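Peer 1: Residue numbers (my numbering), protein chains in the order written: chain A, 46 to 381; chain B, 46 to 381; chain C, 46 to 381; chain D, 46 to 381.
Heads up, none of these hints are tricks.
Intra- or inter-copy, both count: the list cannot distinguish identical chains.
Derived lysine to aspartate or glutamate pairs resembling DMTMM-like cross-links, with alpha carbons at most 25 angstroms apart:
#  : residue 1 : residue 2
1  : LYS308    : ASP189
2  : LYS318    : ASP331
3  : LYS235    : GLU364
4  : LYS246    : ASP233
5  : LYS136    : ASP113
6  : LYS246    : ASP231
7  : LYS156    : GLU126
8  : LYS142    : GLU323
9  : LYS246    : ASP232
10 : LYS136    : GLU105
11 : LYS182    : GLU323
12 : LYS246    : ASP186
13 : LYS235    : GLU369
14 : LYS318    : ASP189
15 : LYS308    : ASP186
16 : LYS176    : GLU297
17 : LYS176    : ASP316
18 : LYS163    : GLU141
19 : LYS156    : GLU105
20 : LYS176    : GLU312
21 : LYS308    : GLU290
22 : LYS246    : GLU290
23 : LYS246    : ASP207
24 : LYS163    : GLU375
25 : LYS308    : GLU323
26 : LYS182    : ASP217
27 : LYS318    : GLU290
28 : LYS176    : ASP331
29 : LYS264    : GLU250
30 : LYS142    : GLU105
No lab work stands behind these hints, which were simulated from the structure alone.
Being a predicted model, the structure only gives us computed values, none of them experimental.
Protein chains: 4
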Amino acid sequence: MTINIGVIGTGAIGEDHARRITQTLAGGQVVAVTDVNQEQARGVVERLGLQAEVYANGMELIAADNVDAILVCSWGPTHEEFVLAAIAAGKYVFCEKPLAVTAEGCLNIVKAEVAAGKRLVQVGFMRRYDKGYQMLKQSIDSNDIGAPLMLHCAHRNPTVPDRYVTSMAIVDTAIHELDALRWLLDDDYKSMQVVYPRRTKNRFEHLADPQILLIETLKGVRIDLEIFVNCQYGYDIQCSVVGEEGIANLPEPQSLQMRKGAKLSHEILVDWKDRFIESYDVELQDFIRGCEQDSIGGPSSWDGYAAAVAADAAVTAQESGQVEPVVMVERPSFYS
Amino acid sequence: MTINIGVIGTGAIGEDHARRITQTLAGGQVVAVTDVNQEQARGVVERLGLQAEVYANGMELIAADNVDAILVCSWGPTHEEFVLAAIAAGKYVFCEKPLAVTAEGCLNIVKAEVAAGKRLVQVGFMRRYDKGYQMLKQSIDSNDIGAPLMLHCAHRNPTVPDRYVTSMAIVDTAIHELDALRWLLDDDYKSMQVVYPRRTKNRFEHLADPQILLIETLKGVRIDLEIFVNCQYGYDIQCSVVGEEGIANLPEPQSLQMRKGAKLSHEILVDWKDRFIESYDVELQDFIRGCEQDSIGGPSSWDGYAAAVAADAAVTAQESGQVEPVVMVERPSFYS
Amino acid sequence: MTINIGVIGTGAIGEDHARRITQTLAGGQVVAVTDVNQEQARGVVERLGLQAEVYANGMELIAADNVDAILVCSWGPTHEEFVLAAIAAGKYVFCEKPLAVTAEGCLNIVKAEVAAGKRLVQVGFMRRYDKGYQMLKQSIDSNDIGAPLMLHCAHRNPTVPDRYVTSMAIVDTAIHELDALRWLLDDDYKSMQVVYPRRTKNRFEHLADPQILLIETLKGVRIDLEIFVNCQYGYDIQCSVVGEEGIANLPEPQSLQMRKGAKLSHEILVDWKDRFIESYDVELQDFIRGCEQDSIGGPSSWDGYAAAVAADAAVTAQESGQVEPVVMVERPSFYS
Amino acid sequence: MTINIGVIGTGAIGEDHARRITQTLAGGQVVAVTDVNQEQARGVVERLGLQAEVYANGMELIAADNVDAILVCSWGPTHEEFVLAAIAAGKYVFCEKPLAVTAEGCLNIVKAEVAAGKRLVQVGFMRRYDKGYQMLKQSIDSNDIGAPLMLHCAHRNPTVPDRYVTSMAIVDTAIHELDALRWLLDDDYKSMQVVYPRRTKNRFEHLADPQILLIETLKGVRIDLEIFVNCQYGYDIQCSVVGEEGIANLPEPQSLQMRKGAKLSHEILVDWKDRFIESYDVELQDFIRGCEQDSIGGPSSWDGYAAAVAADAAVTAQESGQVEPVVMVERPSFYS
Ligand SMILES: [Mg+2]
Ligand SMILES: [Mg+2]
Ligand SMILES: [Mg+2]
Ligand SMILES: [Mg+2]
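Could you put the whole structure together from the sequences, leaning on the hints where they help?
Peer 2: This is the structure we're talking about:
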């Protein structure tokens, strides 16, 4: 069985997912595309040699009979309506981050999915599919290091463009950890605090960089997450889990060991896409397999909501300088 | 376009390739299978839910109209005839190691392919598709370390079964390096010598283990390859390329760094399949893509022949204790 | 010229320093010892074959004509009076931690030394003499990584005895970092905050373990220091300095790389003495050399005072749960 | 008790040893010096502030009443006569490499020492005192990795001066391993073979660089030692011991881990002196302690002889291209 997929939004990530489905993954084919820029949508069909219809808009694509599953890769503010429409149509939908631009929007989706009585939504938090994070989670779950007590994390980018503002450190950057760490620990957040170190000179005047996000979880785990988006030297994701019996660290990406010029060195990646490129393959293959088997796994609407609530608290903490509580509605049993 | 694939030999590797094509890779489907054990062939069809016909034998499968490309995964001594038949039928053929059980047999295939005037054969030397080896080759080719002068290599297995005999250190074990190092260096072998260290107590009486294979290439590179198949501690593949300006080492497989029990440690793999599992995906995807584009790359018949000749010289060197020359026929321009 | 040294307090550390001077270091000899346990003092003389007089008490030892320099290794609460007496006698004095048991006591020493008009006191903060910390400081001072912005540190012990209480995480454990980090950064502390992660089960009921000490410096550097004294796996000291252009990490102690039992591993030390044993040699050689050259360097009375004030603020922060300011008197120009 | 030491030859190494005794080590003082260049000898006395007499020649220095022990740091061809004279005088003598410039000369010393009936000679093979080599030996001796079967070693220098010729790869460079590996394995050599890889362009025309020395020991261990004296990137000493149960590697020198400029890197030393500077301290302290306790340990005359014989065989193998036997006289029970 081949899953017929419709792609809403054929910008960079949408085109890349279409390519992935066509050239790399098993079990799916792109049969429908749409974009606010119709020219762009047609270009993707041509470049990838797709046998796919170009729809006028997302709603028509969702409604199309031969579309089994939908990928939402459009502009963030449009996600909510397309995901809700897919749920209404009873079709599986893979939604790129964010699920919705507000926690309330995410909750609308949660409610619609619960009402539908079936998991239909997978959110594009690809880190859960990263081989390194999976090794780390397996090690924690196997009790190799005992109960986790502390996490020391870092999210570092070489540079960011001028339009990057202080709150984006949370909503664009730390958002990946806000999802991944909940999943890693099987835990939820209790509070958020932000402290500001001395700022790097390598930043725009308007930007507080670096920042440290201090998190407490419901189980009492303490997380410190350095967010440093002009660190210059590379794209570097660190996660060290300190448990009662030992410590497990997120693996470094595989790289050559070189001896040259009085240095023993390994390359550090500089482009985030290189770091997680394989996770995109795995997450989307998982989605397609879920569609085939009529049983979706992966990050859920609830996870999308939880990340949104956590991000809201962290942004509040950025501004208040205080410890801010993370307050969520009760978790529907549907998601447990 | 979907490539219709026929699989000859549905033992462990054949079934795994069929699963790969069906569940993991894009662009191909298994439409035909055969095995000397027909029950086994039918079992694979059932387990994987294939829509595939079970043929009485390899020749009938190769002849089948709807078969575009053939995978030869049967018993080694049968490879030659199936590959020759596929060439005769003008069909692409992916042949697991060895291409043929003698250098002469490989040469028959080389000649048939040259006569056919088109590359049809890809040999299953999967190491060339390993991400680590590709990084290493890229580094050499980019002249990061200048001209290679020496390679220090090791091929270590935790243990081998009782039926493993001394010559298998070459024909079953070192054979992977005999292909990969030619490719890595873009070079050919001049001579082989084998020296025998003190034997490990952890071996069968009949087996010389470890062994060191000393190779000289036509360009003058010196290679020492430790072959140690009862090393106890893990499946460990090492390759250190010493160049005029520096050294590049094959990456270690990605793994967690753990601090526990007074050790800072990384896991070492123990099963060779875990080490190269992803390379199998990549090599077969490359083959399918080659079929789609009517242009096969990857390890050629000539490479299969070269590995066979090198292995013959190394086995002779095991017995003679001398430096043995590696003598090949002239390389057809077809393969350059 | 040989420096004649008198040792006050011949317990474990006092005897070890006496051995060091006698058997390992150049330029000094132990000519006088004393201890509240006179038997113990005589035992050291005998065990080390010293030609040294045993004095009835520290004051008599300090007063002895042939004593050029004093080592204060007695019980903490006695340090202040002995150091003051040495200053009064115009003799060089090396004082083990703490310089005095209160910040006020340290300040008394500072004032006495300033009044004496000459640096006479060196405090036993041996980490500054650790080869790894020296490499780290040199790298920072060479501007390899630009201005430091954040430090991620950890101080981990495998276990502590029952008598270890929560405040000792600061005054016995973190005290080493409280000195070393000021020196490393050439900076002073602005505030202290303590957060408590989930407690490890591997602790005594009365003890909060682990703890995280969050520090802000006057230059705005943010330090997080994990203090985990029942971490089980080893004695492990980590210090990662994040600068504007890169990151420098305190080196791991030198150790064998082993491949064994499916692990690639390095040993982690479990005894803190093994970690800093060489630093003791270097610090004491530096003191002896300072005496010879009539010019003492190393950690000063002021550094002893600064560490005491910082520790007081951190202990207050342990109890208050708040961000506590670090308030010092003005630094005498004498120490700049 | 302070050992009164006379230094014959106050060139670079002689002056450095004199400084070491005076400023770093316990238990010894330099009371006599001599050099063919008397001006040089007087300069050392002055620079180090020694209270030492300058003798006209080595023989007079050896004969001096107040000289307890002798350091021979003069030109290689003079070593034999000075060591023999020290033995004749019944004085301890530390002799820098080589013990004598011929195996025969070494044997003369062995015979004289045996006749004297007491170990008086220590040879300056400082690697045995390197902390890393000591860790490695301890691991082997503790049977951590079972019986050693193979050693993969490398001795790499960034560059060598023009006067360095092919045989110096053995007699100046590999000589350190020729001693250290016998000691590490508690074994002796059976044969030597040299193979020549493609030569680096970064060498003088007259020099074969790199070279690989292949050694078999009496216990059957196989050693491959890469000698590469224009490797460009650093001074790099590698030793990997492959045993029946695992592998132990010589530790890398301690260094900072840096993240900078898209590299995760450690510095590699470029100056051999930095690599073994601490070993010089330890070996000489061991000699002084041996003098004090009237019981010398460390590398013996026999070790000096064994290294000379091994080097002779290796030089022969460089020229013959064959496997050359290593033939020693029977070991006097005196040295066992
Ligand atoms: Mg597909
Ligand atoms: Mg497929
Ligand atoms: Mg001394
Ligand atoms: Mg001395």
